[in-house]
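If you read the protein sequences in the order shown, they are chains A and B.
According to numbering that gives the first Met the number 0, the residues represented by the first sequence are 0 to 454, in order.
According to numbering that gives the first Met the number 0, the residues represented by the second sequence are 0 to 86, in order.
What the hints contain is simulated information worked out from the structure, not anything from laboratory work.
Where is the CB? At the ideal position from N, CA and C, for every residue including glycine.
The reader is advised that the hints may include incorrect statements.
[As the list claims (entries may be wrong)] Quick list of simulated restraints, FRET-style, between CB atoms:
id : chain 1 : residue 1 : chain 2 : residue 2 : range
1  : A       : E5        : B       : K9        : 19 to 29 Å
2  : B       : N81       : A       : K234      : 40 to 50 Å
3  : A       : S434      : B       : R85       : 38 to 48 Å
[Unchecked claim] Derived lysine-lysine pairs resembling DSS-like cross-links, with alpha carbons at most 27 Å apart:
id : chain 1 : residue 1 : chain 2 : residue 2
4  : B       : K62       : A       : K64
5  : A       : K64       : B       : K9
6  : B       : K66       : A       : K64
7  : A       : K247      : B       : K9
8  : A       : K90       : A       : K30
9  : A       : K30       : A       : K156
10 : A       : K107      : A       : K53
11 : A       : K30       : A       : K47
12 : A       : K108      : A       : K265
13 : A       : K64       : A       : K356
14 : A       : K265      : B       : K1
15 : A       : K234      : A       : K318
16 : A       : K156      : A       : K318
17 : B       : K62       : B       : K1
18 : A       : K356      : A       : K398
These are the residues of each chain, in order.
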Amino acid sequence: MLNPFEILETINMISRENLDIRTITMGISLKNCADPDVDKACEKVYKKITTYAKDLVAVGCDIEKQYGIPIINKRISVTPIASLVDVLEEKTTENCVKLAKALDSAAKKVGVNFIGGYSALVHKGFTDGERVLIESIPEVLSSTDIVCSSVNVGTTKAGINMDAVALMGRIVKKAAELTRDNGGFACAKLVVFANAVEDNPFMAGAFHGEGEGECVINVGVSGPGVVKCALEKVKGEPFDVVADTIKKTAFKITRMGQLVAQEASKRLGVPFGIVDLSLAPTPAIGDSVAYILEEMGLEKCGTHGTTAALALLNDAVKKGGVMASSHVGGLSGAFIPVSEDAGMISAAKCGLLTLEKLEAMTCVCSVGLDMIAVPGDTTAETISAIIADEAAIGMVNTKTTAVRIIPAPGKKVGDTVEFGGLLGSGPIMPVKEYSSSEFIARGGRIPAPLQALKN
Amino acid sequence: MKAVITVIGKDTVGIIAEVSGILYRNNINILDISQTIMQDLFTMIMLVDMQGASVSDISEEIKTLEKNMNLSIHVQNEDIFNSMHRI
Numbered sequence: 000m001l002n003p004f005e006i007l008e009t010i011n012m013i014s015r016e017n018l019d020i021r022t023i024t025m026g027i028s029l030k031n032c033a034d035p036d037v038d039k040a041c042e043k044v045y046k047k048i049t050t051y052a053k054d055l056v057a058v059g060c061d062i063e064k065q066y067g068i069p070i071i072n073k074r075i076s077v078t079p080i081a082s083l084v085d086v087l088e089e090k091t092t093e094n095c096v097k098l099a100k101a102l103d104s105a106a107k108k109v110g111v112n113f114i115g116g117y118s119a120l121v122h123k124g125f126t127d128g129e130r131v132l133i134e135s136i137p138e139v140l141s142s143t144d145i146v147c148s149s150v151n152v153g154t155t156k157a158g159i160n161m162d163a164v165a166l167m168g169r170i171v172k173k174a175a176e177l178t179r180d181n182g183g184f185a186c187a188k189l190v191v192f193a194n195a196v197e198d199n200p201f202m203a204g205a206f207h208g209e210g211e212g213e214c215v216i217n218v219g220v221s222g223p224g225v226v227k228c229a230l231e232k233v234k235g236e237p238f239d240v241v242a243d244t245i246k247k248t249a250f251k252i253t254r255m256g257q258l259v260a261q262e263a264s265k266r267l268g269v270p271f272g273i274v275d276l277s278l279a280p281t282p283a284i285g286d287s288v289a290y291i292l293e294e295m296g297l298e299k300c301g302t303h304g305t306t307a308a309l310a311l312l313n314d315a316v317k318k319g320g321v322m323a324s325s326h327v328g329g330l331s332g333a334f335i336p337v338s339e340d341a342g343m344i345s346a347a348k349c350g351l352l353t354l355e356k357l358e359a360m361t362c363v364c365s366v367g368l369d370m371i372a373v374p375g376d377t378t379a380e381t382i383s384a385i386i387a388d389e390a391a392i393g394m395v396n397t398k399t400t401a402v403r404i405i406p407a408p409g410k411k412v413g414d415t416v417e418f419g420g421l422l423g424s425g426p427i428m429p430v431k432e433y434s435s436s437e438f439i440a441r442g443g444r445i446p447a448p449l450q451a452l453k454n
Numbered sequence: 000m001k002a003v004i005t006v007i008g009k010d011t012v013g014i015i016a017e018v019s020g021i022l023y024r025n026n027i028n029i030l031d032i033s034q035t036i037m038q039d040l041f042t043m044i045m046l047v048d049m050q051g052a053s054v055s056d057i058s059e060e061i062k063t064l065e066k067n068m069n070l071s072i073h074v075q076n077e078d079i080f081n082s083m084h085r086i
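One chain only, chain B, in its complex shape (with noise of 0.2 Å):
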C-alpha cells in the first residue's frame, strides 16, 4: 500500500529528520517528497511505500513527534485522494 503523509506546522530545524527517521526505522521507503511554505505554515507532503509497516505499527511515533515540535500530521492511504480528486 502506498500513503501520503502529510506535515503541517511552524517551520523548524529536524521536522524532515525527524520524520524521515521514523520512517527508515519502520523500514518505510519514500518515493516522493515535496514541501512548500502555505499561509506561513511549512508544509510537506510525502508519498511512501507502506509494505514493511501499516499505518498503526507508526501512529504512537506519529503522534509523540506531533506533540514535540507542535506539528500536524496524517497518514493516509493513498486511494482516499485519488478516489476523491481523480474520475
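So that you can see chain A by itself, here it is in the shape it has in the complex (with noise of 0.2 Å):
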C-alpha cells in the first residue's frame, strides 16, 4: 500500500495549497468548416464544435470527482478564424462577428468557459481576410461574452510586422472604449503574441494550430501555492537546494497534469496532445507566484533580484516537469499576469513592480506583459510601441512573449480595474508620458535577427 505520508502530502497540496489542475482544453480544428457563405460557415463551426465538444464538460466533471483533483476550466480551442474569413465571399466586420457569434453560442451550447482561437497570424503579412479579422475584433469582443482574440505579430523567423503592431494599438484602444463600463474589459479577453505556439491550453491566447490535427487534449497544470508551502521549507538554504525543490514539485504536479490529460483524452476518444507546465497564479490568497519570488528571500516582488529569482523558478519548473509528462507544449513556464496575481496586485499598487521591471521579468519567464491596466488617456501609438518592445524580446530571445494590456477608460494612475472572477483586480500603472508615435508611424518589418539564420 502507499505511503500513508505520500497521501497526505497530496491530499495537503489539493486541499491546503490550492494544487489544481487550470484547465482541460481540447483543440478542434475548422479547416473543413471553410465556405464562401457565411451562414453556412456559421452553421457547420457551431455543429462541429457542438458534436465534438459535447461531453468535455461532463468529462472533466467526472474525472474531477473520481480522483478528488479540482479541473477549474473546460475550454475549446480552434483553428484560427482568419482562415475562415479569408474563404468568404464578402470579407466584412458584420461577416466576422456573425462568425464570433457562432462560436460564442455554440461553447455556451457545451458548457465551456472560454473558446479561444478569433485569431490570426500575420507576423510577416496580412492577407484580407485577417486585415478585416483583426479590424472586427473591437466589435466582436465587446459583443460577444466568451470569444478570446489572438493575433501573432513577429517570430524570430519573420522578424516583427509593424504594420500590425501599429495596428493592434488602435484596436486595444477601440476595445476599450467599446467596453468602457466594464473597465476595458474586451482588452483581457486579446493578446497580442510574438512566437505564439499552437497548442497552448491558456486563454486568452489558445489556438488550434496551423500543424494541429482534427481535435486535441490539451492540459495545463497550475500550483504557485505548492511551490510556495515547499519553500517555506527550506529557507536559507542555497540556491541549490531551492532549485531542486522546485524541481521535485513540479514533477508531482505534472504528473497530476498527464493523469488527467491520459485520462480525459481516453474517455473522449480524442488524442492526448500535451501538458502545459505552467504555474498559473490566481487572486486566491496563497496561489501567487509573486510570493513564491518572495518566499525566495525577496521582501516584495519587483525589488532588486526579482529577475534571477524568476529566472531559476521558470527553469526549474520545467527541468522538472518535463520527466513527468510524455509530451511537454504550450508556454510552460512561470505566468505573470498582474491583476489575477494577489502578489503582483499588491506589488504593483505600491508602485514597486512598474512597467520595466515586468518587461525585464519577461525575458526569463514564459509570458510577457499580462493583464496589465494603464491609464484611460494612453495613446494606441504608446501601447503599440509597449507591443513593440515585448516583440522584440520575444524574436531575439527566440521564446514567446505576449500583451495583454488594458487602458482602462476614464482611470488614471492610482485607480483600480476590477475584472472579477480568475481575471483579479489592476491597480493602473503608469506608462511614459514621451511620444513614440514617429516611431510606430514608420510601419514596414522589422527584419529577423542574426539567430533566425540557422540552416
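If you follow the hints, you should be able to join the two separate chains into one complex; please do so.
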C-alpha cells in the first residue's frame, strides 16, 4: 500500500495549497468548416464544435470527482478564424461578427467557460481576411461573452510586422472604448503575441494551430501555492536546494496533469496533445507566483533580484516537469499576470512593480506583459510601442512573449480596475509620457535577427 | 477501480464503524486499512475495491458523515497517488 505520508501530502496539496488542474482545453480544427457563404460557415462551425465537445464538460467533472482533484476550467481552442474569413465571399466586419457569435453560442451550448481562436497570424504580412478579422476584434469582443482573440505580430524567423503592431495599438484602444462600462474588459480577452505557440491550452491566447490534428486534448496544470509551501521548508538554504525543491514539486504537479490529460483523452476518444507546465496564479491568497519569489528572500516582488529569482523558478519548473509528462508543450513556465496574482497586485499598488521591471521579468519567464492595466488616456501609439518592445524580446530570445494590456477608460494612476473572477483586479500602472508616435508611424517590418538563420 | 479513502478528524467513538458501514451498504470491499494519530488528529487510510460502486454513489453519504462527525473525508482513485509518487 502507498505510504500514508505520501497520501496526506497529495491531499494537503489539493486542500490547503490550491493544487488544481487549471484547464482541460479541447483543440478543434475548423479547417473543413470554411465556406464562401457566411451563414453556411457559421452553421458548420456551430455543428462541429457542439458535436466534438459535447461531452467535454461532463467528462471533466467526472474526472474531478473520481480523482478528487479540482479541474477549474474546461475550454475550447479552434483554428485561427482568419483562415475561415479568407474563404468568405464577402469579407466584412458584420460577417466576422457572425462567425464569432457562432463560436460564442457553440461554446455556451457545450458549457465551456472560454473559446479561443478568434485569431490571425500576421507576423510577416496580412491576407485580406486577416486584416478584416483584426479590424473586427473590438466589436467581436464587446458583442460576445466568452470568445477570446489573439494576433501574432512577430516571430524569430520572420521578424516583426510593424504595420500589425501599429494596428494592434489602435485595436486595443477601440476594444477598451467599446467596453468602457466594464473597465475595458474586452482587452482582457485579447493577446498580442510574438512567437505564439500552436498548442497553448491557456486563455486568452489559445488557438488550434496550423500543424495540429483534427481534435486534441491539451492540459494546463497550476500550483504556485504548492511550490511556495515547499520552499517554506527550505528557508535560508542555498539556491541549489531551492532549485531542487522546485523541480521535485513541479514533477509531482505535472504528474497530475499527465494523469488527467490521459484520462480525459481516453474517455473522450481524442488524442492527447501536451501538458503545459505553467505555474498559473489566481487572485486567491496562497496562489501567487509573486509569493514564491518573495519566499526566496525578496521583501517584495519587483525589488532588485526579482528577475534572477524568476529565472531560477522558470527553469526549475521546466526541468522538474519535463520528465513527468510524455509531451510537454504550450507556454510551459511561470506566468506573471499582474491583475490575477495577489502578490503582484500588492507590489504594483505600492509602485514597486513597474512596467520596466515586468519587461525585464518577461525576458526570463514564459509569457509577457500580462493583464496590465494602464491609464485610459494612454495613446494607441504608446500601446503599439509597448507591444513592439515585448515582441522584440520574444524575437531575439526565441521565446514566446505576449501583451495583454488594458487602457482602462477614465482611469488614472492610483485607481484600480475590477475584472472579477480569475481575472482579478488591476492597479493602474504608469506609462512613459514621452511619445513614440513617429517610431510607430514608420510601419514596415523589423527584419528577423541573425539567430533566425540557423539552416 | 481501487480507491483510497482518507479520514481525518478528532478521534471519537464509531468513526471506523460509520465509514465501513457506508462501504458495506454499497458493496465496497476493504482491501487494506491503516490508522494512526498525526498531529493530534485521527487519521485513517483505507484502500478499497470500488468494483461494486462508483465514487458518486457514496459521495452523498460521505458528505453527511463528514458533517455529522466533523471529519474530513476524501475518496480518490488510487491512480492519483501512484502517478504523483511512483515513477
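To see whether the hints hold, each was checked on the structure:
1. A:E5 with B:K9: 19 to 29 Å: Holds, since A:E5 and B:K9 (Cβ atoms, about 24 Å apart) stay within the stated range.
2. B:N81 with A:K234: 40 to 50 Å: violated, 31 Å
3. A:S434 with B:R85: 38 to 48 Å: Violated, since A:S434 and B:R85 (Cβ atoms, about 59 Å apart) do not stay within the stated range.
4. B:K62 with A:K64: holds, 13 Å
5. A:K64 with B:K9: holds, 25 Å
6. B:K66 with A:K64: Since the Cα atoms of B:K66 and A:K64 sit roughly 19 Å apart, the hinted pair holds (cutoff 27 Å).
7. A:K247 with B:K9: Violated - the C-alpha atoms of B:K9 and A:K247 are around 32 Å apart, more than 27 Å.
8. A:K90 with A:K30: holds, 17 Å
9. A:K30 with A:K156: holds, 25 Å
10. A:K107 with A:K53: holds, 11 Å
11. A:K30 with A:K47: holds, 11 Å
12. A:K108 with A:K265: holds, 23 Å
13. A:K64 with A:K356: violated, 41 Å
14. A:K265 with B:K1: holds, 18 Å
15. A:K234 with A:K318: Holds: A:K234 and A:K318 sit about 21 Å apart, inside 27 Å.
16. A:K156 with A:K318: holds, 26 Å
17. B:K62 with B:K1: holds, 20 Å
18. A:K356 with A:K398: holds, 18 Å
The structure fails hints 2, 3, 7, 13 (numbered hints given earlier, in ascending order).
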